[in-house]
Amino acid sequence: MLFAFSQYRFTLRVETPIGFFNGDVGTTLRGAFGTALRRIVCIDRRQQCPQCPIRQQCVFPLVFSPVRDPDSGPRRQQNPPRGFVIKPPFNAKTRYGSAEAIIFDFLLIGRLSDYFPYVIVPFKELGQLGIGMGRGKFSLAAIDAIKADGSTLPVYREADGIVHSVVPVSWDELARSFSPPADGRVTLRFLTPAHIRFNPTGAKGKSRPVRAPEFFHIACRLRDRVSALCREYGPTPLEMDFKGFGERAKDIRTVESSLRWVEESRVSRTRHRHDLSGFVGDITFEGALGEFWPFLVLGQYIHVGDNAVFGRGWYTIEKAT
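With the first letter of the sequence shown counted as 1, position 95 gets the number 95 in this note's numbering; the numbers rise by one all the way through.
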């Protein structure tokens, strides 16, 4: 059973100018959100989450920085994926002036939908603290919920301060909105750079970025991401033939591609450079898409590849009937 999710559209009204390095709004919002959330809920910020005695009850690691309990399994297991995705604006603006609006979407996956108040409060606080270059201030003007068909419902308005609850989007609703293409052909349009690594040999340390992806590169990465999110935030772990899925994905053909590689990076507060490069553009596939369709549809919302949490690897399905 695939997980449900809640997607919200935030509108921030700029009060004093806000600057974003290279127009990278998603990275800034992700970092600022985490900082504000920890400021609000952490009882001892000198502690690191894995060593904190109340880590199992704390909202911060649950929502923003999940960690694998060292007593729950082998140490080689990776930390769980974050259960949210920030979808930044596409305008790539580096500066927003007073009275302008910053609009972005925030997705909460599975059981994290219940923690929506822990998203609202940090952004209200950030408005007073400021974000970006120059620590520009803003107000949280509005929040709308986005339904499976793309329509919206008002959730919050600054004028009255009331927060209305909404029902998460289920897989059944998505399935009704996105039917598999009758001709077995689908085009994925990558809006933000997708960074997918592939290791053809399986040898440690031999994975490399995929610049010209085949269908199985994308499908297998989606499979693994959906599986990890189901395990951590869904009703049940994903049960399927993982190996067979990957083998059958190789039968899907690439019909046309206009993908191009984009070189991007960011520098963290610790001065470490992070590679944000990836491919963008359109790619069309053809074949028996049936078993892959749920993963392709979900991928539009949860993204694919590295750094999906702050907006990378975002694509839309362009040709579906």
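The hints are simulated quantities; they were obtained by calculation from the structure and are not laboratory data. Don't take every hint at face value.
Cβ-Cβ distance ranges computed for the label pairs, FRET-style [stated by the list, open to error]:
| hint | residue 1 | residue 2 | range |
| --- | --- | --- | --- |
| 1 | 291 | 255 | 15 to 21 Å |
| 2 | 202 | 51 | 51 to 57 Å |
| 3 | 56 | 256 | 45 to 51 Å |
| 4 | 160 | 256 | 46 to 52 Å |
| 5 | 240 | 160 | 43 to 49 Å |
| 6 | 239 | 288 | 31 to 37 Å |
| 7 | 94 | 236 | 40 to 46 Å |
In silico DSBU-like cross-links for lysine-lysine, where the CA-CA straight-line distance does not exceed 35 Å [to be verified]:
| hint | residue 1 | residue 2 |
| --- | --- | --- |
| 8 | 206 | 147 |
| 9 | 204 | 243 |
| 10 | 147 | 204 |
| 11 | 124 | 93 |
Even glycine gets a Cβ: it sits at the ideal position worked out from N, Cα and C.
Okay, which hints does this one fail, numbers in order?
-> 2, 6, 8, 10
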